[in-house]
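Residue numbers (the working numbering), protein chains in the order written: chain A, 107 to 390; chain B, 107 to 390.
There may be inaccurate statements among the hints.
Remember, identical chains collapse to one label, so a pair may be satisfied in a single copy or spanning two.
Straight-line alpha carbon distances no greater than 25 angstroms define the calculated DSS-like cross-link-like pairs of lysine-lysine that follow [as the list claims (entries may be wrong)]:
hint	residue 1	residue 2
1	111	280
2	111	277
3	309	351
4	109	277
5	227	211
6	306	294
For the record, the hints were derived by calculation from the structure and aren't laboratory data.
Chain residues, written in single-letter form:
Number of protein chains: 2
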Amino acid sequence: MAKFKIEDALSLRAGKNFQIDSVDASATPGFDGDKDELDARFTKYDDELYELQERLFANGRSYGEDAPAVLIVLQGMDTSGKGGAIRHVLSTFDPQGTTTVGFGKPTEEELEHDFLWRIRKHDPQPGQIVAFDRSHYEDVLIQRVHEWVDEEEVDRRIEAIRDYELDLTAKGVKVIKIFLHLSKEAQKENLLERTEREDKFWKYDPADVEERAYWDKYMAAYQDAIQRTDENYAPWYVIPTDNKKYARMALKFLIVDLLRHLDLEWPAPDFDPEVERQRIEDAD
Amino acid sequence: MAKFKIEDALSLRAGKNFQIDSVDASATPGFDGDKDELDARFTKYDDELYELQERLFANGRSYGEDAPAVLIVLQGMDTSGKGGAIRHVLSTFDPQGTTTVGFGKPTEEELEHDFLWRIRKHDPQPGQIVAFDRSHYEDVLIQRVHEWVDEEEVDRRIEAIRDYELDLTAKGVKVIKIFLHLSKEAQKENLLERTEREDKFWKYDPADVEERAYWDKYMAAYQDAIQRTDENYAPWYVIPTDNKKYARMALKFLIVDLLRHLDLEWPAPDFDPEVERQRIEDAD
Numbered sequence: 107m108a109k110f111k112i113e114d115a116l117s118l119r120a121g122k123n124f125q126i127d128s129v130d131a132s133a134t135p136g137f138d139g140d141k142d143e144l145d146a147r148f149t150k151y152d153d154e155l156y157e158l159q160e161r162l163f164a165n166g167r168s169y170g171e172d173a174p175a176v177l178i179v180l181q182g183m184d185t186s187g188k189g190g191a192i193r194h195v196l197s198t199f200d201p202q203g204t205t206t207v208g209f210g211k212p213t214e215e216e217l218e219h220d221f222l223w224r225i226r227k228h229d230p231q232p233g234q235i236v237a238f239d240r241s242h243y244e245d246v247l248i249q250r251v252h253e254w255v256d257e258e259e260v261d262r263r264i265e266a267i268r269d270y271e272l273d274l275t276a277k278g279v280k281v282i283k284i285f286l287h288l289s290k291e292a293q294k295e296n297l298l299e300r301t302e303r304e305d306k307f308w309k310y311d312p313a314d315v316e317e318r319a320y321w322d323k324y325m326a327a328y329q330d331a332i333q334r335t336d337e338n339y340a341p342w343y344v345i346p347t348d349n350k351k352y353a354r355m356a357l358k359f360l361i362v363d364l365l366r367h368l369d370l371e372w373p374a375p376d377f378d379p380e381v382e383r384q385r386i387e388d389a390d
Numbered sequence: 107m108a109k110f111k112i113e114d115a116l117s118l119r120a121g122k123n124f125q126i127d128s129v130d131a132s133a134t135p136g137f138d139g140d141k142d143e144l145d146a147r148f149t150k151y152d153d154e155l156y157e158l159q160e161r162l163f164a165n166g167r168s169y170g171e172d173a174p175a176v177l178i179v180l181q182g183m184d185t186s187g188k189g190g191a192i193r194h195v196l197s198t199f200d201p202q203g204t205t206t207v208g209f210g211k212p213t214e215e216e217l218e219h220d221f222l223w224r225i226r227k228h229d230p231q232p233g234q235i236v237a238f239d240r241s242h243y244e245d246v247l248i249q250r251v252h253e254w255v256d257e258e259e260v261d262r263r264i265e266a267i268r269d270y271e272l273d274l275t276a277k278g279v280k281v282i283k284i285f286l287h288l289s290k291e292a293q294k295e296n297l298l299e300r301t302e303r304e305d306k307f308w309k310y311d312p313a314d315v316e317e318r319a320y321w322d323k324y325m326a327a328y329q330d331a332i333q334r335t336d337e338n339y340a341p342w343y344v345i346p347t348d349n350k351k352y353a354r355m356a357l358k359f360l361i362v363d364l365l366r367h368l369d370l371e372w373p374a375p376d377f378d379p380e381v382e383r384q385r386i387e388d389a390d
């Protein structure tokens, strides 16, 4: 039986030749257990994750600019569960070391600046993990799909995104990008649920229905953006998301792998432990 | 056997006649079980808490300025576990609706402004929960203890704090203030641990030892600040904290009570569910 391992999550890497049609959004690659097994699997690395994040945070505190940071970019169609995925994965962490930034419709002030202006305000600081719920990719997705920008501008933005992610990397920020890939059919079920449940009404936006008419254009825009910006220093992973719990598990396993590869030690003491123990004893 | 109930947490209210000597920092009022019972008790309200916070967030989204918000102020001596308490309580919540702000030593820019300048940047927005790890109270605690400000200035600041908290209340922010009350003996143990454990070194600050010489002055400053700023609209709770798990449980129960009293319904739909279901069905 397939139990889902970190390698299974890593196998969701998109790559330069990514074809969106090759991903079945309703599948659960690497996992064939039931819901209970999924729940158990989901928490497998929680203790390790907690320590990995604290170690990162501690390095930020002790070494400042020399410590790494992490940026998690989450993209997905409406109702793909970006918010829930972030919540479930980041809740393991110390909120003092983690920030979630949601990017909605740009404000007037934001529109007066280059599209990366509002993004770069949130560059992850040393020791920090930042998650983007939507991101700079919206500027080559919704804007392209609706033809609010021409193809020349799309090309310029793709280059600017590549430069930006390379710049982050040069500053010690590990970048990981996730596309939560939902099927059109599953989105329909999710939208219907929002019209049926009292606790979901507030999430329903009638405009989401109109957006469904652009589904195929969105998929083409995703495929192109992913192909052109998937790099080893800023990889894309495409996670089948009709099964939300599977998607959250895969996301979490990818974060475990990323944090492990930072390969951080606890900071060395910047004091003499013996001397300090004596000072503490003498202080009373 | 005392199981710890919400009323037990509420009984930790300080009040206008608060005497710090009357609180035993090593006690666990209302609870006499063991560690396992404490762990079980700690998660008792998690599902409810999660829903209460989502409801608050949903109200913020749907009703904007008319929705309430929450400010949790956490104070305590070094090593009292403010960060851990915030993490353990807030991890139940959606990070998109919760922010933790730590206030360290003021920067030069901050010192050029009134002491509330850096605080008011973080006024909770509708639907949001903000936790302060240290706060405006430092300006009448550390600064008073070290006599960096005279008593006249302390009086002025206390009045400014009262005005600020009243202003927040008028804007729909529910304010709750927590003093995590650690004994001097327990702090010593915590400091020693930080000189002994590899994963704790980064938390050790030699300056904390010097601060211990001011312990009694700190307690007097806490007592005075609490007495003068405890109001029904901005109450202080003093939680014995030598047992950290107990303190976290008490904090969590206080938050449950506070959120329950917001008495929020799920927002009503701002659309016609029947019409929207038909639109969704027709869209394909």
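Broken hints, by number: Checked against the structure, the hints that fail are numbers 2 and 4, while the rest are satisfied.
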